[in-house]
Amino acid sequence: MSPPAAGVARAPRRVLPGFSLTLGTTIFWLSIVVLVPLAALVAKSSEVGLHGLRLALTDPRALAAYRLSFGASFIAALINAPFGAVVAWVLVRYRFPGKALIDALVDLPFALPTAVAGITSTSIYAEHGVLGRHLAHWGIKVAFAPAGVVVAMIFVGLPFVVRTVEPVIAEIDFEAEEAAASLGASRLTVLRRVVFPALVPALLTGFALAFARGLGEYGSVIFISGNMPMRTEIAPLLIVTRLEQYDYAGATAIAVVMLAVALLMLVAVGSLQTWSRRRLGGVR
Amino acid sequence: MNALLGALTFAGATDEARAKARTTERWRDESHGELAVEDVTKRYPRGEAPAVEGASFVAARGGVTSLLGPSGSGKSTLLRIIAGLEIPDAGTVLLGGDDVTDLPAQRRGVGFVFQSYALFPTMSVHDNVAFGLSIRGVPKRVIDERVRELLARVQLGGYGRRFPAELSGGERQRVAFARALAVEPRVLLLDEPFGALDARVRVELRAWLRTLHRETQLTTILVTHDQEEALEVSDRLVVMSRGRVEQTGTPEEVYARPATPFVASFVGGAVELAGVVRRGQAEIGPFRLPPPRHVAEGDGLRAFVRGHDVELVSPDESSPENAPTGRIESRLAIGPSVRLTVRLDRGPAKDAKRDVEIPVTVSRDSPLASALARGDVVRLRLRRAALFAREAS
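Residue numbers (my numbering), protein chains in the order written: chain A, 9 to 292; chain B, 639 to 1031.
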């Protein structure tokens, strides 16, 4: 290689190399794992044409499925965010017997085949199940109802919130809480004004991950929901149904709609998160 | 314990010392003690030795009292107990005469400044300072006015909209001061406030703290392991070691008359030498000093010698007495002074089994210092030393 000519800026060199290699790997990997299948999906849906897409957007059964999928995922993530934060708080802040067990339990939804979780929940929440029996008393129906979909999605989404929030809680300056207390703040005020704002970005990330996980969940939901068209049928199941009817175009159209909406929502949460992080003045 | 109360041989200064003791007594009577700690003990679950054991002291209203000690001496724990951030196992904390031992931190009305600043990272500088007032429901207009005043006082006017992460360490700590002052605390508690800052900022902030204190006249407790800081900033020292209070007094008292061997070795950087009482005199190596009180012939002594306690004897002096010779082992020029280490020549005494090395600090400007180099032979005289009877083992 000839030395760079005078006046020509030398390409910046880093003391710790690896940027090109890692970025290259990232792009290559994302391409074969995520991008190529998605592109194939979009290409396939183009066969459907505008008409098919309009059908997928207006078909009442599909609309009901979208509503259930997005609605239940949203509610499940909304419930997971606060409870996951409390679990993370307990795991970070306190030492107690059985802590290792609880820590392992949190990860269980990652590992357990979701069908197993679905069948178990169904038997528990069914009319004669351990919990379902008592809920039936109050006229609450979980299994074979939209509520069951939410329950299944809470199960699979919980670890995402816990594991995202945990490291952030560990980094919270304990002395800042003490400073707030010595300034006269009650415990509740400290949590509300000092701790919670620091958790917001991580909570948003956890929420987005749990939401996305709920949206993609299939295995456990199909057992507990009962899969009644218009009532308890989630969009992924409708896709499978369409495939079984050899309606490939219809299945792809629904998939593309879900893909677009999910992508939009994840991008929205992502920018919300960037904004809230910037508000912290670039901390950490 | 009495045997431990060593007397310092203090040439020609006894009248001065007595006068100082009198003023101290009067000062004690007049200060009603804004803050008092009585016989406080704190033991951590896993620690074998208590963090604080039977600690007592009184802090005068409007004064700066420093808790001085090495790390692990319990000074920070004691400060946290005063603030209500730790609960003592035994003892009492009095604030303005009221027993606050069982009062939660929220209601003690103390301002606490941490070594790590402990600012709220999600809040702007303005909101950090306003925190204590805003949770009390003070109207926004009043808060804004007060925050502006406080930021001006800590020389951060116009910084209100910035965030802690955008400030330097010194600036962050000044925000922490403003935040603590905002609630008009009865007592200001500072836990190694300058410990995380670099040397130059530390010295600047020390001077700034003195000015701030002059203006506010707030009773202040400063925890520090830096004796220079303690001697410079405070009216009164509480020297701690291993959870116990070793000595309380004005910086001058503590420096000039250390009450225990620990204080003698910790304050002023003294070197310990062994001595013995013989023929009515304290023999420290080849040196002779008047003995401390309450010792008998043959008692062992612990002598603490600071570099400034030793002087070089001019070679012109005829028939020098009590001034042994030694060889310069090392010579360090540190700013305005020169620090020598001198190895004393072994005397004829039989018990001089070990070589005695002694520090000598002389002014860089003194004619002797500039001429001296390693290996030169010099004649030394010991002016004074802190002497304690060796405890029978």
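Just so you know, the hints here were simulated from the structure itself, not pulled from any lab data. This structure is a prediction, so every number in the text was calculated from the model and none was measured. Some hints could be false.
Said to hold, decoys possible - Not the full set, but computed from the structure, chain B residues with beta-carbon under 8 Å of chain A:
| no. | residue |
| --- | --- |
| 1 | Tyr682 |
| 2 | Phe695 |
| 3 | Ala721 |
| 4 | Ala756 |
| 5 | Pro759 |
| 6 | Gly770 |
| 7 | Val776 |
| 8 | Val780 |
| 9 | Trp846 |
| 10 | Tyr893 |
Claimed, not checked - Listed next, the stretches of chain A that the computed footprint assigns to chain B, with coverage defined by at least 3 CB atoms under 8 Å from CB atoms of chain B:
| no. | region |
| --- | --- |
| 11 | 178-184 |
| 12 | 188-200 |
Built from N, CA and C at the ideal position, the CB exists for glycine as well.
So, going through the hints one by one against the coordinates:
About 14 Å separates the beta-carbon of B/Tyr682 from the nearest beta-carbon of chain A, more than 8 Å, and the hint is not met. Checking B/Phe695 against chain A by beta carbon gives a least distance of about 20 Å; that is not within 8 Å, so the hint is violated. For B/Ala721, the interface hint holds, the least distance from its beta-carbon to any beta-carbon of chain A being 6 Å, beneath 8 Å. Look at B/Ala756: its Cβ gets to within about 4 Å of chain A, closer than 8 Å, so that hint holds up.
For B/Pro759, the suggested interface contact is upheld, since its CB lies about 4 Å from the closest CB of chain A, less than 8 Å. At about 4 Å, the closest approach between the beta carbon of B/Gly770 and any beta carbon in chain A falls short of 8 Å, and the interface hint on this residue holds. Evaluation of the B/Val776 hint against chain A yields a violated restraint, the C-beta minimum of about 11 Å exceeding 8 Å. With 8 Å as the threshold, the beta carbon of B/Val780 stays out of range of chain A, its nearest partner Cβ sitting at about 16 Å, so the hint is violated.
Of the supplied interface hints, the one on B/Trp846 is violated, with its beta-carbon coming no nearer than about 20 Å to a beta-carbon of chain A, more than 8 Å. Using the Cβ-Cβ criterion of 8 Å, the hint placing B/Tyr893 at the interface with chain A is not satisfied: the shortest such distance is roughly 32 Å. With 3 residues carrying a beta carbon less than 8 Å from a beta carbon of chain B, the region 178-184 of chain A meets the three-residue requirement, and the given coverage holds. Check on the region 188-200 of chain A: 8 of its residues sit with their Cβ under 8 Å from a Cβ of chain B, so the three-residue criterion for coverage holds.
The structure fails hints 1, 2, 7, 8, 9 and 10 (numbered hints given earlier, in ascending order).
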